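One-letter residues, chain by chain:
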Amino acid sequence: MASKTIRRMISIGLLLIMVIIFSISSDVFLNFGNIANLLKDSAYLGLIAIGMAFVIIGGGVDLSAGGMACLVGILCVRMSTMGLNGFLIVLAGVILGMLCGFINALFVTRVKLTEFVATLALGFVYSGLTLIFAFRDDRGTITSVAIPKWSSLRAFAGNVGGIFYITIVWIVVAVIAYIVLTRTTFGLHTYSIGSHAKSAQMSGVNNDRIKMLGYIICGACVGLAVVLQASLLGSSPLNIGSGYEFQAIAACVVGGVVLGGGKGDPISALVGALFFKTLMNGLYKFGLATSWEYILQGGIIVVATVFDAVFNRATSKRLLARAQ
Amino acid sequence: MEDRTDKTYEGAGGAENGNQNDTVNTEANDGVFLEAKGIYKQFSGVTVLEDADFSVNCGEVHALMGENGAGKSTLIKIITGVYTKDAGELYVEGKSVEIHNRQDARNLGIQVIYQELSLIPALTVTENIFLGAETAKHGWMDKKAMRERVQSLIEHYGFDLDPDAVVDTMGMAKRQMAEILKALAFKAKLIIMDEPTSSLSAAESEKLFETIDGLRNRGAGILYISHRLDEVYRLSDRLTVMRDGKIVGVLKKGEIDPHTVTTMMIGRDVAGDEDKGATKRYEDHWLEVKNLSYSHMLKDVNFTAYGGEILGIGGLVGSGRTELIRCIYGAAKRSGGTIMLDGKPVSRSIRRNIRNGFGYVPEDRHAEGLVPLLNVEKNITIASYDKLSSASLVNRRKEIAWADKAIKDYDIRPPMRTLAAGSLSGGNQQKTILGRWLSRDLRLLLLDEPTVGVDVGVKMDLYRLLREFADNGAIVVMVSSDLAELVYLSDRVLVMRDGRFFEEFTRGNITQESLLLAASGVHTEEGMSL
Amino acid sequence: MMKKAIRAIGSAWGQRITLLVLICIVMAIAEPVFFKLDNYKSILLAIAVNGVMVCGMLFTVLVGGMDLSVGAMAGISASIAYRIAESSGFTTSGFLSGCALALALCLVAGAVSGLLVTRFALPAFVVTLAMKYIVYGSIYLVTQGFFVLPPAHGLSYQVGNQIVFSIPVGGGNKLNIPMPVIILIIVVAICAFVLVKTTYGRKLYAIGGNKNVANLVGIKSNANIVGAFMISGVLAGIAGIMLASMNGQAGQTTALNYEGNVLMAMVVGGVNLAGGEGGVAGAIFGALFVGIINNVMVLLSVEATIQTFVRGIVILAAMTLNMYARRGSTGAMKIKIAKADKAA
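One line per chain: the protein sequences are C, F and W, in this order. Per this note's numbering, the first sequence starts with residue 87, numbered consecutively. Per this note's numbering, the second sequence starts with residue 184, numbered consecutively. Per this note's numbering, the third sequence starts with residue 3, numbered consecutively.
It should be emphasised that the hints constitute simulated quantities derived from the structure, not laboratory data. Worth double-checking, as some hints may not be accurate.
[Unchecked claim] Computed from the model, here is a short list of chain C residues facing chain W with C-beta under 10 Å:
| hint | residue |
| --- | --- |
| 1 | LEU149 |
| 2 | SER150 |
| 3 | THR195 |
| 4 | LYS198 |
| 5 | LEU199 |
| 6 | PHE202 |
| 7 | PHE210 |
| 8 | GLY214 |
| 9 | LEU217 |
| 10 | ASP224 |
| 11 | PHE332 |
| 12 | ALA336 |
| 13 | TRP378 |
| 14 | ILE381 |
| 15 | GLY385 |
Predicted, not measured: the structure shown is a model, and the values here were computed from it. C-beta atoms are modelled at their ideal positions from N, C-alpha and C, and glycine is treated no differently.
Chain C on its own, in the form it takes in the complex (with noise of 0.2 Å):
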């Protein structure tokens, strides 16, 4: 069996483990509300997972996607106060996550630095930029201000028998991700650069701009996670993105998307990230400190690297014996 899909067997695998384990455990785990907020809450951060694992799959990182959703959250929430409508909205929060992507990409692929400081870096201007958009009232302190109950962003908070609209712009998302990616030369460029970046560009792989095509990706995808986020929260609170870089990157982790490029798919991040907000509500539920996400969250991304290591190094052990 291809080791691919042994890897995606484990990651399914262990994630109907845990829903088993926590549906038999807890009596308020497998019910309907409980399993429609589950996928909401996943949503969110699958979204982001599906444009970081563009990013992973072309050999890079991006540790801006956190900074990047808390600034485009205000701004698209200042702009449902000047009475946009919300498909504009949404539309330009896709805009404006592409816009830094696109600066992302120009300091990684242009000025050529090292990847995960460039978007370390960036991400701090882009909270920093957060901060100035913010709301403030007359005295000059920041306050929170909702989306105005009259918005049509309001509008996309909303559900279709229980299902919340994100969870299904998430699913579609991953299934069109998982198609460009498997389908179009652009996919087919996105893991040739992330597994052999030289011999890509040997073979006439334009290397820079596959690589900012799947920042640009990377940043829509925030931008549409974000604004659904906010609409569903009603705001979007000055941390809406806080963390989620990270989070991002452990759910692509876990469901296989290996750091270091070429390997895994959208799917590989949308599992992951089901995994990732699984294993948090069914530990909510037993009542486990919030404490333990932190630690959860470093915890899973360092075991699940290194089983990456080291199952990648048992199956190439594996194919070289069998081929000789």
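Chains F and W: place on chain C using the hints.
Below, chains F and W without anything else, positioned relative to chain C:
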């Protein structure tokens, strides 16, 4: 978005039309495909290719041989558009052509398969073959068409390949096939292979040869560059030998025999090594290797080297030479056998071996020899902190004196201690690395290709240093592909083949010709079979 | 003469000092408070904490790694030390044993990061970012979400009449130099000594410059890398205790996200984030620069949180400048060699 169907490739339609327009024009089977006339090339005043006349026919395997630096790779690079020629004419299928870049060469049907393959490990065979030139409409790939096209190519050429196999699950031989298939998909009429068997096992090589035979029968021209005489006899219809930037001669199938070829490669004027006078052998200082084995690369290797002696290790790349000295040094962990220095067992730890007077100059200077960011001084003293420090504190005065002495003794230029080592010329980088070891009281120096990429003047300096060093009683074991170097410097040469010693030559009997023959598996009268 | 001056300003250190002088001049005009003695003290105190962390992270960056967990490490170290001090009723011995335990824990956490980085060949920034979250979460477990507040008289620990650890700004010793600044000076001196004078320092540069070479000359690269992460952990721990002492409280927000400041100091100081290049002098200059910038922003009443924006911009600008400076210096080096060749 990335609609490239109109480029090099046939689109989906090509696959539907079947095999007849696949790659090679079978009608022109005997015609001359590529002809080069009077090619001339020089680099900063040094002529590297002179008056080269050369041709490859359709449906022939044409071998190109010559020592390192004979001009083979320059010629190939001119044909494939990496370099531009200074003078001369190129004809493809009788028409005069100018090849300015790789794409030009591709469009003319010339494809190279490099030693380090260009496949992407995470992609399938089909995806790799079409990478950069996908069958696609507005960026949407037609996966079915691509797969069918690859399948039809595989069937047409009778390759044993699965179009959906992911490359990193395939063995080297299959990867090579996929690479060849990629060339064929680009409608290659001339495929250039540069040492294709260097990372293949014997069985895998045989598979490759069958593939090459198949291609020839379908009318493709193949230019085969190799150092391995046995492969060349097995495969080639014609053989061109190069030496010192010139074409020495072209041999037809019947005329190819080991002695003729080696004589042509080396030149008739060079005889054996003139006796440079016996060197003193220090019998009380010796390195003894017994039954050494390492993975599948080394099998049961035995030898003894003495103080005062430069022991050359010859053989082809991949014969186990590098692994041998890395095992002695401790950089590779031997799987069996014993190594003794002066009767005492040698450790597996590099650290302890260095303290015992070992030194190692690796083959790849940039990857393993030099710390480019650090200055010359630090690059020299890096291995000698045991002598330059007490209680972990570096004695700065001693350190400076140590480095200055090495720079002076080994004539490193410019003589600036504080210069970043990465900015030195290749030869001076090598002197720096050598200085790192020679400045210690070494008992055993292991060298791997010590003069690659070093200009002639510095080369002679290095030879002198090594000779003096050995004369002072140390053991020198030197791996080299440079035959002249082995002949000039060695007191004894052991030639390796497939992880074993094949022949031994002693001073007075070492000739380039016999070394080359032995490396290719032909026993000679000069050597002693092992 | 003029040329020489221009060249001096153009050099890496020239640029840094010129920039600093320019900032001072601008501040002198914009905000005279900047030149008040008290202000210097607050700058120095801020630098003290940052500087100690910078020294620690420098070790990991030199070997080609990175430690993004320094902020969290500082936080947990402060929390543990103060928690134990609190449970012992804020006695000197309780405080000191708390410190010892806290630093030991940071040492272990650093070792774990180092082992993960070397043993499994994982990118250091991922491992240490994960470590940041693990440690940060653990702070809640230690403090239960509350701040540990020392009693009102502050945390001055005396042995006899001698003040061992004085917290209040302004210090309590005879020279009137704040204790944190003294600690900084000691840490800087030790780190500079280790990097410049000891074989361990030399080995770190070699490993960061080319790990293969280091291994082939008998340096145990992996062990040394783990050591670097341990040093980073301990120094972050010390910085945390210092910060908590100055703030008079320890909890989950102690030194939160300080790694951004540390990283900024690193790139401003010309430390090569790819490893093998940079030193204590540059890093401390970076810390000084960051301290002054932060101070300037406070004086100009730039909101604390907007400072992240400036931080990001400074990192990007410094990295971009370093990049071009490095390219330029390679060119200059080649010219130098060509000249020397001609002379020979």
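Mind checking the CB of C:GLY214 against every CB in chain W and telling me if the closest is under 10 Å? Holds, about 2 Å.
Can you verify the interface hint for C:ASP224: is its Cβ closer than 10 Å to any Cβ in chain W? 16 Å, violated
Holds or violated: is the Cβ of C:PHE210 closer than 10 Å to a Cβ in chain W? Result: holds, 3 Å to nearest chain W Cβ.
Hint validity - C:LEU199 Cβ closer than 10 Å to any chain W Cβ: 5 Å, holds
Chain W contact restraint for C:ILE381 - C-beta distance below 10 Å: Given a least distance of 4 Å, the restraint on C:ILE381 holds.
Does C:LYS198 hold up as a contact with chain W if the rule is Cβ-Cβ below 10 Å? 7 Å, holds
Can you verify the interface hint for C:TRP378: is its Cβ closer than 10 Å to any Cβ in chain W? 6 Å, holds
Chain W contact restraint for C:SER150 - C-beta distance below 10 Å: It holds, given that the least Cβ distance between C:SER150 and chain W is near 9 Å, below 10 Å.
For the hint on C:THR195, just tell me whether its beta-carbon gets within less than 10 Å of chain W. Because about 13 Å separates C:THR195 from the closest Cβ in chain W, which is outside the 10 Å limit, the hint is violated.
Status of the hint placing C:LEU149 at chain W (closest C-beta pair under 10 Å): Holds. Min distance 8 Å.
Tell me if C:LEU217 is really an interface residue toward chain W, meaning its C-beta lies closer than 10 Å to one of theirs. 5 Å, holds
Interface hint status, C:GLY385 versus chain W (Cβ within 10 Å): With Cβ-Cβ at 6 Å, under 10 Å, it holds.
The earlier numbered hints that this structure contradicts are 3, 10.
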